[in-house]
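Visitor: Each chain, written out:
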Amino acid sequence: MKKQQRHWYHYLWIWSIIYFSLGFVNILFAWLGLISFCLPLIFAIGGGNKLFCNRYCDRGQFLRVMGSQVGLSLRREMPEWMKGKAFRYGFMVFFFAMFFNIIYVSWLVGSEIQGIQEAVTVLWTFQLPWNWTYSVGITPWVAQFAFGLYSLMLTSEIIAIVAMLIYKPRSWCVFCPMGTLTQTICKAKYVPTAK
Amino acid sequence: MGKLSPRHAVVDSNMCVACGTCADVCPTGAMEIVSGVFAKPIEEKCVGCGMCAKECPASAIRVEVRS
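Heads up: the sequence lines are chains X and Z, in that order.
First residue of the first sequence? That's 1 in the UniProt record's numbering, and the numbers climb one at a time after it.
First residue of the second sequence? That's 1 in the UniProt record's numbering, and the numbers climb one at a time after it.
Errors might be hidden in some of the hints.
What the hints assert, rightly or not - Pairs of lysine to aspartate or glutamate, EDC-like flavour, derived with a Cα cap of 16 Å:
1) Lys3/Z / Glu44/Z
2) Lys83/X / Asp12/Z
3) Lys45/Z / Asp24/Z
4) Lys3/Z / Glu43/Z
5) Lys54/Z / Asp12/Z
6) Lys40/Z / Asp24/Z
7) Lys40/Z / Asp12/Z
8) Lys85/X / Asp12/Z
9) Lys54/Z / Glu77/X
These aren't lab readings, by the way, just hints derived from the structure by calculation.
This is chain X alone, in the form it adopts within the complex:
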């Protein structure tokens, strides 16, 4: 069997580590997480494909490297309900509801209805102090959105890593909200060609 040729995009898993490290230093770097929201949509809407998932997803690659190459994955079979449409679409709706809640809270902070929370919330429950990454002078709603987005990215990364450890390396991809959304867009655009 021939060895696969390595390309620059095979090393994008490093971006996952860089992203979470930057957010540990300055929370404003969390805004870079929007790349992972915008690029898949651009590929799906513009190109009718999942090239982001297939080639450029840093998280997918990170899970493959840790699960397969480092060998951290137990490689168990995922339960059927986790692969089902109800869970996949349900998780997508929940995830985007949480994303829009971040925008709403940022608006509240921007309107001075609510004060900024200098904390990262993990798994939508546990608040971790993260105040050293924020300095006074930054527009409050900009910082609030960054805290919210970093919380969402960190939460989904934890879920993805747990799924990788227990099940197959890229199990997260089965119920990844962006993957589900872009596949739905691609299905809507797909026109079967007769062979």
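For this one, chain X is given, so just place chain Z on it according to the hints.
Guide: Showing chain Z alone in chain X's frame:
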């Protein structure tokens, strides 16, 4: 056209999430993702090694004997 291998990968397109893991691990480059919807093996290239089935997180691929 060359001789086809006796075994080949079969994809359940309803289960496939089009993540591209199969295409990533396929040693012969026999997997393609059709329009971001499902994976499809290129029959001439597929040798039925089962790497894709082993790695598929959605368990959407199985290896069968060609009919």
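Visitor: Look at each hint and say if it fits the structure.
Guide: Status of each hint after checking the structure:
Only pairs whose Cα atoms come within 16 Å are accepted, and Lys3/Z paired with Glu44/Z is accepted, the gap being roughly 8 Å. Pair hint Lys83/X plus Asp12/Z holds up; C-alpha atoms about 13 Å apart against a cutoff of 16 Å. Restraint check for Lys45/Z and Asp24/Z: satisfied, since their Cα atoms lie roughly 15 Å apart, inside the 16 Å limit. With a CA separation close to 10 Å, the supplied pair Lys3/Z and Glu43/Z stays within the 16 Å bound.
Simply put, Lys54/Z and Asp12/Z have alpha-carbon atoms about 14 Å apart, close enough for the 16 Å limit, and the pair holds. Restraint check for Lys40/Z and Asp24/Z: the C-alpha separation of about 13 Å stays at or below 16 Å, so the hint holds. Distance restraint check for Lys40/Z and Asp12/Z: the Cα-Cα separation of roughly 9 Å lies within the 16 Å cut-off, and the hinted pair is therefore satisfied. Between Lys85/X and Asp12/Z the alpha-carbon distance is near 14 Å, which keeps this suggested pair within the 16 Å criterion.
For the given pair, Lys54/Z sits about 10 Å from Glu77/X by alpha-carbon distance, which is consistent with the 16 Å threshold.
Hint check: no violations occur; every hint is consistent with the structure.
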